[in-house]
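Visitor: Residue-level listing of the chains:
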Amino acid sequence: MPDSVRRRNADGAGSLTTTDIAASYKRQFAASRAGLPGAGLRWLNDLRDDAIERFALTGLPTQRLEDWKYTNLTPFAKTQFNLATAAPARIDRERIERFLLRGVPHHQLVFIDGRYDASLSQLGTMPAGLVIRSLAAILDEGGEEFAEHFPRVGVNRDQAFAALNTAFMADGAFIRVGRGVCVEEPIHLLFVTSGATATATQPRIFVIAEAGCALTLLQTYADVGTDETSSLTNAVTEISAAPGAIVRDYKLQREGTGAFHIATTAVRLGSDAVYDSFALAVGARLCRNEIHAVLDGGGIGCRLKGAHLLRGRQHADTTTVIDHARAGSRSEEDYKCVLDDAARSVFQGRIIVRPDAQKTDARQMNRNLLLSRQAQADSKPELRIEADDVKCSHGATIGELDANSVFYLRTRGIDEKAARNLLIEGFIGELVDEVHVGSVQVHLRQAMWSWLSRSRA
Amino acid sequence: MLEIRNLHARVDGKDILRGLTLSVNAGEVHALMGPNGSGKSTLAYLIAGRAGYERTDGEILYQGRDLLAMNVEERAREGVFLGFQYPVEIPGVSALTFLKSSVNAVRKHRGLAEYDAMEFLKVVREKAKQLDMPDGLLQRPVNVGFSGGEKKRHEIFQMALLEPTLALLDETDSGLDIDALRVVASGINRLRDPSRAILVITHYQRLLDYVVPDRIHVMAQGRLVKSGDKTLAAELEKTGYAGLGAAA
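Protein chains in written order, with this note's numbering: chain H, 12 to 468; chain A, 154 to 401.
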């Protein structure tokens, strides 16, 4: 056993130590390997074998790691997840109806327990040069397109959860948009967990945006189980945007409060590309959104935005790394969090400006609204600047609802709960308003209203 | 409509109102004047129900009922309106959304059907036209980036939509240029009605050139020191508050 693993055992959390987990996950991998999509592909097998070994070596991240300083995975370590996707449950259309995107024509891909469900899915108008496929289908056919594009983004292979996803990935989406193609209709990927205890889904999403193309992606994560069901979503999204491509990447996470939701996004942007992301999360017991963006050119606009609405004992962690590798690009971050009860939020934003990246303009903002004395928000900016002619700013605020504003609304006949909700909606709504597609705004606002309707008087 | 009897009140442990007695009948417009610190705004906030404003003696009757026994939103729904001296900015909430929540809360309380989005838009457009309220203002977040004049016009606009039975306007004229003052005054005059009582709180008499009150009261050190008809304004103009023994 390598030293590093033995040392981490000292942190050993709960009933399962990191080595127990590594061993258990390896056993599960060995047992399920032959049944994974693309099992006959040698290069893919090698990739999966390599990934599980890397995971075994690092184990589950502990709070000793700077990147996981504020997020404790002990509760996670206490659950034995079934990592390999079993046969997915059958779910009727009406049970997922409320998670669907409405209002405009769009491409709809539905995944039940991590597996593509063709009967619930429907592609819209397909312009020439657009490919939208289930990942499992591509891998089962030989995976050539996947193999060709896989190295283009490259999520960090030593990241524990990304490695775990690579080992077990069973399905997801492969999206490729050809040069100059503008995809008008949003692409909605809906992931629904059926609610069996200890289910794990590990979707993998690839977006290959060729030069000058445009697309809008929406991912929704939801479940139809009871609220307390313990499940795991470990999603990895890899996006490659060639020069001049415009990628809008929206996400809604509304899983039950028993869920663990870990999402890792790796983005590589070429010159003059635009990457716009917004993630709204109202669900999960523990949610981690980790985004790594490499700005590999000039004239890039990279905007990372997001909002969490949390209550009870929910914990949400947003960790971003923006790597300005070349001169003359802009990045902008704005993350907001509303915390009630004993909820906790974490924001860690690292901005790296490489020596070549002169004239970088990077702005970062993190704002938190605490509705209760027990709620806690941790905010950690980290600027690593190796160039001398740059503009970088960061700010963080933690505050309460403004009593003056609540009073003003009440003098207009609005009761206290509605007044507070209106102010919360305004706080988060500012970011939702920036989402470019009206129907996606409504999709996000509905989840927000549903959260607000359950708030205390 | 409004009966204030021997009202004593304190703010942050400091006595501000010391035996104020005042009554305003339906159909009347009264002006409450007085130097800074005389307790005018304290009275307005006490009537609206702001936290930290504590009645220590006396009573406020609204339509014969104990006003201070009602919570803030109840007072509003029962027809009490306070136009703020400093309207609050609410980022992220469009004025339209805010107004719809407000109007519907009041309508619901009065047993009227709530407006849906389309109906409300129609009502708002019509009122906006009457009051010369630019449409674009209502798409913007409440009071955010509004000029001083726009904020006050927005207050008057809210009053027009809510159709209160008792309206208090706290220094609605402060900081307005002459054109904005005219617009605000005409908005107030439009709401004069036999069923409505209006109390205009002002530091200066110039608003009263446009909104001619039925009665004028001068306040000093937490109580009324003089009341009279509209000619009192002219007298005050000449002598100042000091002339009335009302220096702060």
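Simulated from the structure, these hints should not be mistaken for lab results.
All C-beta atoms, glycine included, are put in the ideal place defined by N, C-alpha and C.
Warning: the hint list may mix true and false statements.
Said to hold, decoys possible - Example chain H residues on the side facing chain A (calculated, C-beta under 8 Å, incomplete):
{"no.": "1", "residue": "S43"}
{"no.": "2", "residue": "R44"}
{"no.": "3", "residue": "L433"}
{"no.": "4", "residue": "L434"}
{"no.": "5", "residue": "E441"}
{"no.": "6", "residue": "E445"}
{"no.": "7", "residue": "W460"}
Claimed, not checked - The calculated DSS-like cross-link candidates involving lysine-lysine, where the alpha carbons are at most 30 Å apart (straight line), are:
{"no.": "8", "chain 1": "H", "residue 1": "K428", "chain 2": "A", "residue 2": "K275"}
{"no.": "9", "chain 1": "H", "residue 1": "K428", "chain 2": "A", "residue 2": "K379"}
{"no.": "10", "chain 1": "H", "residue 1": "K428", "chain 2": "A", "residue 2": "K391"}
Said to hold, decoys possible - Now the in silico label distances, taken between C-beta atoms and shown as ranges:
{"no.": "11", "chain 1": "A", "residue 1": "E272", "chain 2": "H", "residue 2": "G46", "range": "57 to 63 Å"}
{"no.": "12", "chain 1": "A", "residue 1": "P287", "chain 2": "H", "residue 2": "E108", "range": "40 to 46 Å"}
{"no.": "13", "chain 1": "H", "residue 1": "H447", "chain 2": "A", "residue 2": "R278", "range": "23 to 29 Å"}
{"no.": "14", "chain 1": "H", "residue 1": "T208", "chain 2": "A", "residue 2": "L265", "range": "45 to 51 Å"}
{"no.": "15", "chain 1": "H", "residue 1": "R168", "chain 2": "A", "residue 2": "E272", "range": "44 to 50 Å"}
Visitor: Take the hints in turn and mark each one as holding or not.
Guide: For each hint, the structure was consulted:
Proximity of H:S43 to chain A is violated relative to the hint, the smallest CB-CB distance being about 47 Å (cut-off 8 Å). This hint is violated: H:R44 has a C-beta 50 Å from the nearest C-beta of chain A, more than the 8 Å allowed. Nearest Cβ of chain A to the Cβ of H:L433: about 6 Å, under the 8 Å cut. The hint holds. Among the interface hints, the one on H:L434 holds; its C-beta lies about 7 Å from the nearest C-beta in chain A, closer than the 8 Å criterion.
Given the 8 Å rule on beta carbons, the hint for H:E441 holds: about 4 Å separates it from the nearest Cβ of chain A. Below 8 Å, beta-carbon pairs count as interface contacts, and H:E445 has none with chain A, the closest being about 11 Å; its hint is therefore violated. Below 8 Å, beta-carbon pairs count as interface contacts, and H:W460 has none with chain A, the closest being about 12 Å; its hint is therefore violated. Of the pairs offered as hints, the one joining H:K428 and A:K275 holds, with about 27 Å between alpha carbons and a cut-off of 30 Å not exceeded.
Restraint check for H:K428 and A:K379: not satisfied, since their Cα atoms lie roughly 42 Å apart, outside the 30 Å limit. Proximity of H:K428 to A:K391 is assessed by CA-CA distance (about 50 Å); at most 30 Å being required, the pair is judged violated. Separated by about 58 Å at the C-beta atoms, A:E272 and H:G46 satisfy the suggested range of 57 to 63 Å. A hinted range of 40 to 46 Å holds for the C-beta pair A:P287 and H:E108, which are about 41 Å apart.
For H:H447 paired with A:R278, a C-beta distance near 28 Å keeps the hint of 23 to 29 Å intact. At roughly 50 Å, the beta-carbon separation of H:T208 and A:L265 lies within the given 45 to 51 Å, and the hint holds. Checked against the hint of 44 to 50 Å, the C-beta distance between H:R168 and A:E272 comes to roughly 58 Å, which is inconsistent with it.
Comparing the model with each numbered hint stated earlier shows that hints 1, 2, 6, 7, 9, 10 and 15 do not hold.
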